[in-house]
Amino acid sequence: MQWFKNLNAMPRLMLVFGVMILLVMGMSSLAITKLATANADMGAMYQKHMLGAIQSDNMEISRFDIGRLVRDALLNADHAEIVDADERQVQAEFANFRSNLEAAHGTFITPEGQALLKALGDGLPPYEKSNLDVFSAIRAKNLDGARAELAKSGEYSKVIVEAGDKAKALKEALGEKLFTENTRAYESTRALMIVVTVCCLLFGIVMAVVIGRTFSVPLGLAVAAMQRMAERDLTANLDIDTKDEVGRMAAALNEALETLRSAMEQVSEGAVASSSSSQQLASASEAIATGAQEQSASLEETSASLEEITATVRQSADNARQASQLATSSKESAEQGQGVVSNAVTAMAEINASSSQISDIISTIDEIAFQTNLLAVNAAVEAARAGEEGRGFAVVAAEVRSLAQRSAGAAKEIKALIQDSQRKVARGTELVNKSGETLQGIVSSVKRVTDIVGEIAAAAAEQSTGIEQVNTAMSQMDQVTQSNSAQTEELSSTAEALADQSARLMELVGTFTLSKAGKNGRPSATGTRTRLAAAAPLSVTKARAAVGSKPGRHSAGAPMRTTALATVPVSGGAADEADFEEF
Amino acid sequence: MSTPRGLEAGHAQQYLTFLLDEREYGLELFKIQEICGYAPITPIPNLPAHVRGVMNLRGTVLPVIDLRMKFRLPVVTYNKFTVIVIAKVDGKTVGLLVDAVSDVLQVTQEEMRTAPDFGTAVDTRFIQGVFQTRDHLAVALNLEELLTESELAVPEMAAA
Chain A
1 MQWFKNLNAM PRLMLVFGVM ILLVMGMSSL AITKLATANA DMGAMYQKHM LGAIQSDNME
61 ISRFDIGRLV RDALLNADHA EIVDADERQV QAEFANFRSN LEAAHGTFIT PEGQALLKAL
121 GDGLPPYEKS NLDVFSAIRA KNLDGARAEL AKSGEYSKVI VEAGDKAKAL KEALGEKLFT
181 ENTRAYESTR ALMIVVTVCC LLFGIVMAVV IGRTFSVPLG LAVAAMQRMA ERDLTANLDI
241 DTKDEVGRMA AALNEALETL RSAMEQVSEG AVASSSSSQQ LASASEAIAT GAQEQSASLE
301 ETSASLEEIT ATVRQSADNA RQASQLATSS KESAEQGQGV VSNAVTAMAE INASSSQISD
361 IISTIDEIAF QTNLLAVNAA VEAARAGEEG RGFAVVAAEV RSLAQRSAGA AKEIKALIQD
421 SQRKVARGTE LVNKSGETLQ GIVSSVKRVT DIVGEIAAAA AEQSTGIEQV NTAMSQMDQV
481 TQSNSAQTEE LSSTAEALAD QSARLMELVG TFTLSKAGKN GRPSATGTRT RLAAAAPLSV
541 TKARAAVGSK PGRHSAGAPM RTTALATVPV SGGAADEADF EEF
Chain B
1 MSTPRGLEAG HAQQYLTFLL DEREYGLELF KIQEICGYAP ITPIPNLPAH VRGVMNLRGT
61 VLPVIDLRMK FRLPVVTYNK FTVIVIAKVD GKTVGLLVDA VSDVLQVTQE EMRTAPDFGT
121 AVDTRFIQGV FQTRDHLAVA LNLEELLTES ELAVPEMAAA
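Protein sequences, first through last, are from chains A and B.
Counted from 1, the first sequence has number 473 at position 473 by the numbering used here; the numbering is strictly sequential.
Counted from 1, the second sequence has number 57 at position 57 by the numbering used here; the numbering is strictly sequential.
The set of hints was computed from the structure by calculation and includes no laboratory data.
A portion of the hints provided could be inaccurate.
In silico DSSO-like links for lysine-lysine, alpha-carbon gap of 30 Å or less [unchecked claim]:
no., chain 1, residue 1, chain 2, residue 2
1, A, Lys-129, A, Lys-141
2, B, Lys-80, A, Lys-424
3, A, Lys-412, B, Lys-80
4, A, Lys-415, B, Lys-88
5, A, Lys-118, A, Lys-129
In silico negatives: residues of chain B with every beta carbon more than 12 Å from chain A [claimed, not checked]:
no., residue
6, Glu-22
7, Glu-34
8, Ile-41
9, Asn-56
10, Arg-68
11, Leu-73
12, Ile-86
13, Asp-90
14, Ala-100
15, Thr-108
16, Gln-132
From the three backbone atoms N, C-alpha and C, an ideal C-beta is built for every residue, glycine too.
Could you build all of it, start to finish, from the sequences and the hints given here?
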């Protein structure tokens with residue numbers, strides 16, 4: 001039967017219908033045959049027997065009419081027109097009779113019939129003649145003769161009547177016989193037809209059932225499977241192995257189910273992963289939020305520190321400015337002092353110059369004294385040489401010498417004074433120079449101080465700028481932190497939404513049965529929607545495991561098909577394979 | 001020397017005192033021709049070091065002896081206050097470079113003392129004696145002893 005089941009729908013149906021058609025055709029040909037027979041019989045009945053009966057009836061009627069007419073004529077012998085009319089009618093009747101008789105030759109085909117007809121044919125002329133004689137007699141106003149003719153015709157009519165009756169009876173009998181035959185044939189045919197019909201019916205029913213089952217059973221299975229699919233049970237499996245369209249459809253459905261199953265499993269995996277990821281995301285975003293808060297706090301601290309620094313810098317700048325001013329005034333003072341010093345130096349230089357001049361003059365005086373001394377000594381020498389005569393000269397020379405010595409002494413004193421003065425001036429110059437140097441030093445120091453202060457001021461300005469920049473950066477950071485916070489909140493909410501979606505997805509996927517071991521246990525919504533910070537992928541597992549297995553409606557002990565859902569041990573329940581093994 | 005030479009008892013001799021390295025020395029006055037200030041000295045080669053050269057004194061060329069160098073005293077740069085004592089010794093005129101001329105003094109024989117030993121600074125041959133000046137001792141020098149050295153061997157130039 002497998003080859004049958006493997007036929008495609010069309011050929012199979014066509015085959016069955018073909019068979020049915022053949023049967024029907026057979027039946028109808030049988031029926032038609034039988035009907036033809038019946039029809040032939042009916043034809044015979046009509047053509048032969050009914051017509052024959054009618055003809056004989058007609059003949060009889062004609063005979064009656066003739067009889068009536070003749071009698072009418074006889075009765076109305078006085079009325080020639082009536083007699084004529086009657087005669088005419090009689091003649092017409094006889095014509096009728098003849099035509100009927102003629103026609104009856106066609107219908108009375110049995111030898112018996114033929115004999116009767118012959119008898120009728122034989123009996124007719126005398127009858128006719130006698131009837132016509134009646135009319136002649138009537139016309140001849142021979143009423144008695146007419147009546148006598150009438151009585152003769154009556155006699156003659158007996159033959160006809162007899163033949164006519166027999167013919168009618170014959171036809172009746174034949175008709176009845178035919179009817180009976182026909183009835184019998186009908187009954188037998190009916191019986192046959194009934195049998196055949198019943199057979200066909202049975203056959204048809206069987207075939208219908210068979211064919212129907214070849215369709216309906218697989219389709220029913222398919223429907224059941226798809227129903228189960230619609231009810232999210234993806235473990236359905238069609239165990240249809242025929243090669244026809246339904247089989248192929250079942251195979252395709254199986255494939256589709258497999259695909260769907262694997263896809264759902266993957267989706268489930270993905271949902272789990274996404275759930276865990278979203279939890280991680282949520283915790284990460286919380287961490288970021290915390291970090292951002294800390295950062296914000298740090299920023300505030302930094303901001304406060306910066307303000308302090310700014311104040312300090314400002315102070316420092318002020319101090320620098322003050323120092324600069326002081327330095328400038330110092331410098332001015334120093335420069336003034338330098339001016340004074342240079343004036344002093346100039347004055348002392350002038351003093352020195354004067355002293356030098358004096359010194360020169362004193363030197364001149366000294367030289368003069370010296371030369372005078374020499375001259376005096378020379379004079380003394382000459383005087384000593386001159387002896388006595390030179391004594392007065394020696395005295396003079398001595399006096400001159402003493403004068404010279406006094407002069408020299410004075411000059412020496414003055415020189416000493418000058419020297420002292422010069423020393424003092426030198427000292428003074430030294431001091432002044434030193435003070436000049438000191439002032440110079442002060443000036444240069446002041447200059448350096450000014451420079452340094454300028455540097456300080458510049459540094460303070462830079463510090464200010466830097467602090468400004470830091471402030472800007474910090475406000476930027478603050479903004480960034482805030483936007484981070486906002487983003488983190490968004491992230492958090494997104495993560496929550498994601499977790500929700502994942503949970504919903506997992507719920508959704510959970511409603512599908514993906515393994516033969518029973519439903520995957522709907523993960524409780526709360527399991528995946530627990531506080532995102534605390535949720536761990538394991539809670540989902542726990543939730544799932546906690547839901548427990550639905551009471552298995554299948555036999556326990558069927559092999560568990562492990563799902564691809566990571567380490568989630570699918571709770572209990574048995575396989576659904578039993579479903580499809582019934583086919 | 002027990003008896004200062006050339007000095008008669010009770011007779012005062014006039015001495016010219018001059019300074020040499022802040023020490024006073026004395027020279028007998030009548031041996032001194034004159035005293036002049038510093039004059040340009042022309043160095044002559046091949047002479048002893050303390051003979052500085054010759055000088056032109058009013059046409060007379062005479063050798064100039066640096067007493068500082070003679071007495072091995074530190075040499076100083078001579079300036080316009082340097083004195084050249086023109087002395088006549090044994091008929092030879094010679095100039096003596098001294099630091100300065102101090103005084104002309106009358107020194108009696110009693111005041112003239114015997115010179116102590118100065119060590120190697122001054123050769124005691126030259127020393128006549130020591131006498132007291134106003135505030136310190138002066139060493140009287142013996143010109144003849146001083147100048148009989150070979151330094152007097154100056155190629156005598158013809159006087160103009």
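Evaluation of the provided hints:
1. A:Lys-129 with A:Lys-141: Roughly 17 Å separates the two Cα atoms, so the pair holds.
2. B:Lys-80 with A:Lys-424: Given that 30 Å is the threshold and the Cα spacing comes to 26 Å, the pair holds.
3. A:Lys-412 with B:Lys-80: holds, 16 Å
4. A:Lys-415 with B:Lys-88: The hint is violated at about 35 Å.
5. A:Lys-118 with A:Lys-129: holds, 17 Å
6. Glu-22: It holds; B:Glu-22 is separated from chain A by about 15 Å at its closest Cβ, greater than 12 Å.
7. Glu-34: Non-interface label fails for B:Glu-34: nearest chain A Cβ at 5 Å, not farther than 12 Å.
8. Ile-41: Fine: 17 Å to the nearest Cβ keeps B:Ile-41 off the interface.
9. Asn-56: holds, 18 Å
10. Arg-68: Holds, since 19 Å exceeds 12 Å.
11. Leu-73: Since the minimum Cβ distance to chain A is about 22 Å, B:Leu-73 lies beyond 12 Å and the statement holds.
12. Ile-86: The claim breaks: B:Ile-86 does not keep its Cβ more than 12 Å from every Cβ of chain A (closest is about 9 Å).
13. Asp-90: holds, 17 Å
14. Ala-100: Per Cβ check, B:Ala-100 is inside 12 Å of chain A; nearest 8 Å; violated.
15. Thr-108: At roughly 15 Å from the nearest Cβ of chain A, B:Thr-108 sits farther out than 12 Å, so the non-interface label holds.
16. Gln-132: About 19 Å separates B:Gln-132 from the closest Cβ of chain A, which puts it past 12 Å; holds.
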